[in-house]
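Visitor: All chains should be built: construct the whole structure from the sequences, respecting the hints.
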Amino acid sequence: MRLKEGDTLARIIVITSGKGGVGKTTTSAALAMGLAQKGNRTAVVDFDVGLRNLDLIMGCERRVVYDFVNVINDEAGLNQALIRDKRCDNLFVLPASQTRDKEALTKEGVGKVLDELSQSFDYIVCDSPAGIEHGATMAMYYADDAVVVTNPEVSSVRDSDRMLGILASKSRRAETNAEPIREYLLLTRYSPERVASGEMLGVEDVQEILSLDLLGVVPESKAVLNASNAGVPVILDKESDAGQAYGDMVSRYLGEQLPHRFLEVEKRGFFSRLFRG
Amino acid sequence: MAVTTESARDTSSAAFELKAASFTLPIIRLLGSDMDAVAEQLGAKVDQAPDFFRNTPVVLDLSGLSAESGDVQFPLLVGLLRGYGMIPVGVRGGDSDQNKAAEAMELAILGDAFVRRPKAAAARPVPKPESGPSGSRSETASSRVSKTGARAAFTLVARPVRSGQRLYAAGGDLSVVAPVSSGAELMADGNIHVYGPLRGRAMAGLKGDAEARIFCQDLQAELVSVAGHYRVSENIPTALKGVPVQIFLDKEVLRIERL
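Protein chains in written order, with this note's numbering: chain A, 657 to 933; chain B, 63 to 321.
Derived from the structure by calculation, the hints contain no laboratory data. We treat Cβ as the ideally placed atom computed from N, Cα and C, and that holds for glycine. Please note: incorrect hints may appear among the correct ones.
[Unchecked claim] One side of the interface only, derived from the structure: several residues of chain A facing chain B at Cβ under 7 Å: (1) Arg719; (2) Asp817; (3) Arg818; (4) Leu820; (5) Gly821; (6) Ser867.
[As the list claims (entries may be wrong)] As a list, the in silico SDA-like pairs of lysine to any residue whose alpha-carbon atoms are at most 25 Å apart: (7) Lys269(B) x Ala170(B); (8) Lys826(A) x Ser244(B); (9) Lys81(B) x Pro836(A).
Guide: Structure below.
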């Protein structure tokens, strides 16, 4: 494993939401894979101790030996616990422990592990658990950037808003009066048809309520479930709309200006109806 | 409850950090200056829960004293409190003579502009802090709650106020130049100004100042209140929602008026 010291400090990105089931882990896997494919050394860390999922989405569940809590407790070295992705050499996964609970994450322990990761990675993606309790606050505490994953419905939007308040007050950057965490909005499970029929909030509505930079809109897609089942981050499914949307998101995060796609109801022409059923 | 705030600023690689924090402290509200009576009654209280008072910082509230009740004997009082294990840290609501006497005993004067002395308040209107536009004050672009001075309390917030956040401007006005989300709470002893959609709760005149007002550009609030008189969203006419309004008390009735 090529963990060499002396590189520039990593940027720590937390993927958070407050609400569960909105797509945090899917987004973590996609963002980490996207950053790594663009040549950045990237680590993705599962903070959901006790409800480990990231390893499944990343397809490395059969290679987990040591985990995050082992490293915090000095029972294993970081190099022993990190799992290299088989598809991309720049990507490493630090899985959560399934047998412990969130209290195993201490502020000092998490800080120590992230510090060590910072020595040898460009980006550290922290997959936050749902809720606003200990696990979630640990995941965001050391963050430089936050991607707030939100579904276009009122309860998810309110929970995201609550999470943004916590980001602004309980992070290391807030406590040391440093520059605040950069916050981005990612809308997932977006369905233009249901927005058109008034069942879902539209992009503008959500942006109006949360007043945040929009990093991307990921449409509701079968590809996401298929990718999860197969253990392949959906961003690798370049044919699918969700995969392309995540690709755009990564480019935007790295500073590219791209128009938002998949916002309109798809108009199906005669031929597409004929061939795509 | 006493809220103490200090301005916090990060210094270079220093040996300490200067930070701000709020503490809830017990307040002893004096209703007379007879120290023997205070000693006797306090002794009875402490006997009930000696552990509660041990090493507890306390604040003395002098606003309940009338002009006739005579001078407070601070040396006696401080000695008494220390004897019971309490740590007197400051006073509030005193007049200038009382404050001077308290300072002599190394007690902090806690700024609390709207603790009114009952007699004096009835006689003359409460001086209100200036409620001009926020731009007239020199404020840093910092997103944190920042204050100018201790007395002319004025709080400016430039970041969105999120669901679950509570902001309290003690002793003065609160201005927010960003959206206030539903589930957020704004509180001020003086006026509240919101230059953005107000979707949360806003409570002006928290300590009972009936002259306080709420001004907002886009009213979508869950609840608005002035000096304890409130209206919930359900009782706000639709015609007044989403438009600039001011909210004030008119003979004990909360009125919402289009600007």
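Visitor: Against this structure, judge whether each hint is valid.
Guide: Comparing the hints with the structure gives:
1. Arg719: Result: violated, 39 Å to nearest chain B Cβ.
2. Asp817: 4 Å, holds
3. Arg818: Holds. Min distance 4 Å.
4. Leu820: 5 Å, holds
5. Gly821: 3 Å, holds
6. Ser867: 5 Å, holds
7. Lys269(B) x Ala170(B): Within the cut-off at roughly 21 Å; holds.
8. Lys826(A) x Ser244(B): Judged against 25 Å, a Cα distance of about 20 Å means the pair holds.
9. Lys81(B) x Pro836(A): The given pair, whose Cα atoms are some 16 Å apart, holds under the 25 Å limit.
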